[in-house]
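Residue numbers (my numbering), protein chains in the order written: chain U, 1 to 770; chain W, 1 to 111; chain S, 1 to 139.
Hints are computed from structural coordinates only; laboratory data are not their basis.
Because the structure is a prediction, the values reported are computed rather than measured.
The beta carbon of each residue, even a glycine, is placed where N, CA and C say it ideally should be.
Some hints here could point you the wrong way.
A few chain W residues facing chain U, derived, Cβ under 8 Å [as the list claims (entries may be wrong)]:
(1) Pro-60
(2) Tyr-95
(3) Gly-99
(4) Glu-102
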Amino acid sequence: MNVVGVIVIPLLAALVTPWLGRLLGRAIGWWAVAASAAAFGLLVSLTGAVHAGAPPAWSVDWPAPDWGMRLALYADGWGWGFALVVAGIGTLICLYAQHYLSDEEPRARFFLYLLLFESAMLGVVLSANLVGLVIFWELTSAASFLLIGFWHTQERARYGAYKALLITGLGGLALVAGVVLMYLATGTTDIRELTARAGEVQAHPWFVAILVLVLLGVFTKSAQFPFHLWLPDAMTAPTPVSAFLHSATMVKAGVFLLGRVHPIFRGREEWFWIVSCVGMVTMLLGAYSTISQLGLITVLYGFGTELAALAATFHIFNHAAFKAGLFLVVGIVDHETGTRDKRLLKGLAKQMPVTAVLGAVCALASAGVPLLNGFLSKELFYEEMVTHVGRGPVWWLWPVLAVAGSIFTFVYSLEIVHGVFYSKLDPHVEWPHGAGHGHGHAHGKPHDPGWGMLGPVGLLAAVCVTVGLWPGGLEKWILQPAVAAVWGAPVEFHVAIWHGFTTPLMLSALTVAAGLVMYAQRHRLGAVQDRLAWGFGANTIYDGALAGLIRGTTWLTNTLQNGRLRTYFWCVIVTVLGGVGLTWGRQERLGVWAAEWTAPAAAEAVLIGLLIAAILAVVARQQDRLVAVIVLGSVGFLVSALYLVLSAPDLALTQLLIESVTIILFLLVLQRLPKSAPPTSPRRERLADAALAVVFGGVMTVLVLAVSAANAARPVAEFFTESSRPRAGGRNIVNVILVDFRGFDTLGEITVLGIAALGAFALIKLRRTR
Amino acid sequence: MELLMALAIGTLFGAGLYLCLRRRTFQVVLGMALLGHAANLLIINMSEIRRGQPPLVTEPPTATTDPLTQALILTAIVIGFGVTAFLLVLAFRSYQENGTDEVNLPAEEKH
Amino acid sequence: MISLILATITKLVFPLLILFSLHLMWRGHNAPGGGFIAGLMTAAAIVLVHVAYRGKQVREWLPMNYRVLIGVGLALALGTGLAALVYGSAFLEHRFGHFHVPGFGEVELATALGFDVGVYLVVVGVTLMVIGTLSQEGK
């Protein structure tokens, strides 16, 4: 039961937030902190159960258990550990945001979105089956759209939110397709079951298709190449949001899924090549270090070994800590100085010493400096890359590229430590006021913020240091169950700070050295890296494709929905003809001719002959309206006579009377319309219409013949005939059907009549006074 | 007989469609009326054609035609009447409001 | 008065038409007829009067608000159906029985008659409303 609470509490809290916000006003953030902390607390309380090997589970057989769709949660090591990260960092973010947001911001709305997002993300990680995961996945897309576009009055924010939604949404669609295929292939969507049947899944002919589709979902969400387009534009969100989205949640959802399906998919060549290559390319692109770190994790999952699984999982947790810390530090900087412009930000360490230290810790952790947590997972990364070198010359590429990517990350981190904080301060710098939604102090002197904003950063930095010095704690409580879940079976490992003078250590030293050199030359290299990542005009392609799509659909709508009745009729009739033609084309013989056609009596033949003549006369004399009406009337009367021939007295009577009234109506209206009207359609149109009409008439003729020739059983008709007298006390079966057996239809019919009459009345009586 | 009926129905459908594609509202209303007739006759052709066997219970019981199709058509005739009436009023009012009864114009020719 | 012959014939025929339409409705359950046909016949009869005489005169003779007529008809039809609920049957489930009416002998009645009357009223109201509104327009 506790497991459900983890998701439900933030969700309910979110829904209550708008109303509560009116009560609490500025203090609404504390509500969010409380809700998030409660979820975190619940998760902590589950520690015992997770470690005892009995992960808490909850499920309900709804909505469609026979189809594999049920609500189910499962807190195994991977889901539980990740949820701890989400809820924990979420609490810190809420606390931070409470102090970060200025008073004019709509706080209640902000925390509503944030809590919604948090509960959706918790749903993703705790879902026990793929269907639930996908649903919560899409919810995170929706919630992140709201969050990224929070400052929706800014064009950039709207653009960024829209772009993120489009790209991750497309990926989500692919993911849905993949899950459906998986269900069709195996008959289940439950993750535990799929893990147990991994061999079966991998042997299935659809394996590659499922793999590609699921990976599309993963790569779009985690901004891997070539879907990394949306990440930079998504940075237009308020900093706490960016911190949350890009360190612990949204982009992490992709790699979470990667870990989730890892035991199901790993081992296959396709998995390795696709995942690791995409990851490596992404890592090298790393113009934004978030993308590159995620690339690193992706590469490791691709390798599919125990060590790689450990390294990737470890790095996910480490990355959450230092990345969130870094984002929050950036937030502090722009909150205090009012700007994010790198050119202005120099030497802030003097004015914000504590922030500087904490920022340095996080940045160095991300760079992989020893004694911090990033170093440990980097070492494992290098170790994994190096292990495979013996397999062939191509395999040398991996460690080389790994080091290259890490050097880029090192340079970037150094920029923050040195460039922003520990550089020379320009004493005459002018801080802008209120730019970038910060609180540029009116007197121009930024300083360390209060504990509300420093506290979370400090906590995160402390985590980096603690794990870096004493990894055993993390290893025992979180990593063991998590890696076991990702690998599919318990794994023996031990993380230590010092393994001796191993190759990975050499590589780390190389990274640091080369990084320092590159940093010194950074001005020349920055341009190169930018070109690599964006120079291929990826954004232009996106913008162009989007514009083209909108143009195309506009053209289509304008052509098909142009307001002309004729267009609509053509569309409908052509489709009908197409459908009928398609069906007939598939049959061997149409069976249009039956042996026993009834022979017509002479009178009947004359009757129908007159009927056809009258119909044609209507068309021929359509311009002379009075004549047309009279001939139409005669058509009606002839049809009525036909009903008589066909043994339908009720119909004949009704048709006769209705035709009389209709003629009167026509004449009444004719009085008020012009008497005769020359043709207005151009000849071309008339010929096309005539052709369509002839084809349509011909098809319908054949259709009627086919219907007449078919032998139809009539059980329903016999039921009515037999029960008319005993059950309804009437001999006129048609009338009995109308008022008794199918009385409800008749009720509807007279209602329609009433509405038509009222409509006609309203058209005439109710109009704007002239 | 079935052949003749089929011909009649086909003619009704073709003529009705042709009129519905015209530009003036009056022709469209004519066309809809014809299409209504056509649909009704189509329905009644779904059952066998029998002459002189109206759907009335007699003592002793005799064979009757299919009463269900007739009930359907009765409803259709009456509703068709409602629709025709409404269409006529609509055409008339449209002429009053727009000053012209040409309403099926392509975009370029609209004034 | 538009035409003397038409007016005279209308005067004679109108009551017959009304009677005949009522007859059609009454026997609709057992022979060709029924609510629709009866309603159309009545409407046609009234239209005949409209054609033969001036509209204003007709409205004096037959002061009917057709909207109300439609409403009453619908209510009657619906009411018959709901009444079945009151008596424990399903919605619109009709019953019939044999009654002994003094002077007529054995009569077979069905609750469907109430429904049919509702239909009759609606048809009369609809037809006359449309024709009436159209004919008043533009005068």
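Quick rundown of the hints versus the structure:
1. Pro-60: violated, 12 Å
2. Tyr-95: holds, 6 Å
3. Gly-99: Check failed: Cβ of Gly-99 (chain W) comes no nearer than 11 Å to chain U, outside 8 Å.
4. Glu-102: With a minimum Cβ separation of about 6 Å from chain U (threshold 8 Å), the hint on Glu-102 (chain W) holds.
Of the numbered hints stated above, those contradicted by the structure are hints 1 and 3, listed in ascending order.
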